[in-house]
Amino acid sequence: MKRSLFGRVWPNATALVVFVACIFPVYWMFATALKPTGDIIAEDPVWFPTNMTFEHFGTAVDAEHFWTFVRNSLVVTCLAVLFSLIIALAGAFALARMRFKGRRGFVIGFMLAQMAPWEVMVIAIYMIVRDASMLNSLVPLTAFYMMMILPFTILTLRGFVAAVPKELEESAMVDGCTRVQAFRRVILPLLAPGLMSTSMFGFITAWNEFPLVLVLSKESGGAQTLPLWLSSFQTQFGDDWGATMAASSLFAVPILILFVFLQRRAVSGLTAGAVKG
Amino acid sequence: MTVQTERPPSSPADVRKSDSPSAGPRPRAASRAGALAPYLLLLPAVAATVLLLGWPLLKDLLLSFQNLNMAQLIQHVTEWNGVDNYKEVLTGEDFWRVTLRSILFTAVNVALTMLLGALTGLLLARLGRRMRLTLMIGLVLAWAMPVVAATTVYQWLFAQRFGVVNWVLDKLGWHSMADYSWTGSQMSTFFVVTVLIVWMSVPFVAINLYAATTTIPGELYEAAALDGAGAWRSFTTVTLPFLRPFLYATTFLEIIWIFKAFVQVFTFNGGGPDRLTEILPVYAYIEGVGNQHYGMGAAIAVLTILIMLGLTAYYLRIVLKQEEDES
Amino acid sequence: MKRKLIAAIGVAGMLFSVAACGGDDGGDSGKKAGADGYAGQTLTVWVMDGSSPDQWQKDLAAEFEKKTKAKVTFEVQQWNGIQQKLTTALSEENPPDVFEIGNTQTPAYAKTGGLADLADLKEEIGADWTESLNESSVFEGKQYAAPWYFANRVVLYNKKVWADAGLKDTPKTRDEFYAALKTIGEKTDAEPIYLPGQNWYHFVGLVIGEGGELVKKDGDSYVSNLDDPKVAAAAETYKKFQALSKAPKDKDEATPQQGEVFAKGNVGAFIGMGWEAGIAIEANPAIEKQIGYFTIPGPTADKPEGVFLGGSNLAVAAGSQKQDLAKEFLKLALSDKYEGQLAKLNGVIPNKEALQTNLKGNAPAEAAAPAAAVGGTTPLIPEWAAVENAPNPIKTYLTAVLNGKSPAAAAKQVEGEFNKRLAQQQ
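So the sequence lines, in the order shown, correspond to chains S, V and G.
Under our numbering, the residue at position 18 of the first sequence is numbered 27, and the numbers go up by one with no gaps.
Under our numbering, the residue at position 108 of the second sequence is numbered 117, and the numbers go up by one with no gaps.
Under our numbering, the residue at position 54 of the third sequence is numbered 991, and the numbers go up by one with no gaps.
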């Protein structure tokens, strides 16, 4: 098929515009963080951080308990994602490969669970955790974050499991594997991209969570996570945009790296995942 | 609906197609264990859901029938007040205004996201390899940006002083925008929040749809071409029907995600100015936690959940049917 | 009626259980003579951002440890969202043992039963607390907190900017003040005054200066009085001065901290607490030499502008397991030595008249003193705390006026919300 010059140019031109629109806020965050304050509040924007400085990052990292926040965030997020993957994988396998009474009910149930508006249930959760004497602990945070991502994880993984040709599993079993072995040797490797893309969602949700940790962890230097640090930083430094952007950059970097690193594998599996069900 | 699963086969002859409705004779005990297997596999997920979601929901429901304010919370006193909270919420104007606003807000954002997302997805399919990779990286970066950080960045982009957006508008000849306060009015606040949400949500839709288009079998297009279909015809007869389930599923996800866009709205302008940009979750939070009127907040939360169910009922019905067809 | 009764029983039960805790601790304090009574314990104290200097905290903690063998940790809190945080904290097993609480918020918390009764403390050390400053701590005849410090706003100005504008004297009247700021705007490129649209404490001061009230009594309850012409006059004054500022109309003085804006050296003046100079100096030490203070000028030279008499009390959580230790802490923190040191370091009004000598030679305190006499507070009623929850209707009112609404229309706009909060079920 032959296309006119115009036909070949406009997709690329549009793509470029979309690309810039996507990337600019991210770029501006890093650029502002790296600029000296004088350049940040210049009458005409300084588009490139030519006089690079790490001073703002210094301010951000100097905040009290910064490394505690980092550690807590990493621990809570990783554990929440890990647990939800394990629990969800079992459930997803049942939903995708087995037939049993009430299967439909389970699927709908998880879809409903996915809709749970966690922000508005903050006080109920607070009272439960308080009455269980578990405030200022990473345990309830991990548990609830796990729950926040569990329904999505189950439903997505179910699609991935269903997309693995049944014949592969069967032929493995013909070769004398038990069902568990077949699962481990055949299905699991094929599920890897699915597990990655699903865990990306889980990671970003748990990494971001804010309203719950605000009421569950008041003790400074206790079980507080990075979103709290970022928001308190914002109140404290208000219009010091250099410091605020440096803080935002530090907060965003782990996720950005994770996504760029995983995106190719993840995207290849997305089709199967997000949709089935 | 038949209940059947497999047990570990002892010999190749024992392997069946899991779809086949009739199975060969099997030892009873093994079959019973096999029948339990799916439930056992689902048990952890169900237990977690009941404990970590069901319980808070029940608690929230109970709280919604209580007069729970500062004093009661501090002293751990339970004061039942029947349906007073619901009566007050439902008879007041605020709740209905916020509900309507929430629905409009969700509709506009979802429509924009789906439209731009779908177009971007189709664009990805048309691009050459290098440009596609470039755009993909841009999309992934926007998508990956954590919402708290993204909202902060948008505050800076749209800052009244030294914000780059105001500068650009000023240079474009829109001089009254030089010192414009985006947080100053309802519409300008919603405008920024909408830009933010669409920016964050488009990549998911676009990448998803693009991935879906790659799975459309080429023969379908060839067949359409043989029938003399032009580009538009083959789009409406092949691409669109194939993408329909993907579109439904992503729309459903976007509706629930955008309806719950608490962090964006709350962080950007706290539901202001003058409470004019509060959407339901923000309203529930401000009335409940902010105003320390916790019972009232719980009632609004329950109503919020009901409204959300209503909004997604159509899709849930489709899924229900689909699952029925499959079993 | 019945519901109230149930609540009352709840309160009684609560008091009883607190008494029981106190009893336990009493056993401990019985060993005080052994001087090891509190060893190994740690007292948690919440103080608000900026209210007590590091030096004060350090000296106090050291002496407290020497005296009681117990440690004390200060946790600094932000005013933003403090009520939500405090309410939940007070309901917990381990609330902060001692905490700073704003005078306008104290009655509401006294009513919730979250504050311990400090009658014995008042008897022991509070005989000479200034009567008017103790008012907010007393609810229904009981002492629920101890007055800690008080302060009212002054004008902090940048001497260099004023000199650059050719100004020699500080203004004595509101008109002179306005004219001076105008001059700065014309003769320098500095921002004459940094006044964000929602510095509602300053607005309350202006209302008090006009002799107005924000609320009025309507039968048994309080309702909005924002439609009073006196309030409107105060709003107009605010608007006139705000027009000279580039500060956002929909933000308060803490977002961003106005001291930090001032620290950049390009702002002529701002209206704030004397200790906010500390924020500026921390952000830019070079600014220290340039900061001057004067009383906010009133309509005539002999009468300074009305001010909001802000203040903080120290309270003990009713749920604290360390009642006696907490009281030991209060005795030390409120002793003449530390109360005096705080007054001296922060330029705030101490809780006893005798300690005011500490303010001699303290520039911000001397600028604040003339206005304190004509200062006032918001109504000291339990219903008030709800008004201060975000979004505070008075802030909304101010922003509306600044954005061009007439004061009457703005009053009408927020009236519903204001009244709803004043009537909010407790």
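Take these hints with a grain of salt, some might be off.
[Said to hold, decoys possible] Taking lysine-lysine and the BS3-like style, the derived pairs with C-alpha atoms no more than 30 Å apart in a straight line are:
{"hint": "1", "chain 1": "G", "residue 1": "Lys1154", "chain 2": "V", "residue 2": "Lys96"}
{"hint": "2", "chain 1": "G", "residue 1": "Lys1349", "chain 2": "V", "residue 2": "Lys96"}
{"hint": "3", "chain 1": "S", "residue 1": "Lys110", "chain 2": "V", "residue 2": "Lys330"}
Calculated directly from the structure, the hints in this document are not laboratory data.
Hints, verified against the model:
no.	hint	in the structure
1	G:Lys1154 with V:Lys96	holds (27 Å)
2	G:Lys1349 with V:Lys96	holds (25 Å)
3	S:Lys110 with V:Lys330	holds (16 Å)
Consistency with the previously given hints is maintained throughout, with no hint failing.
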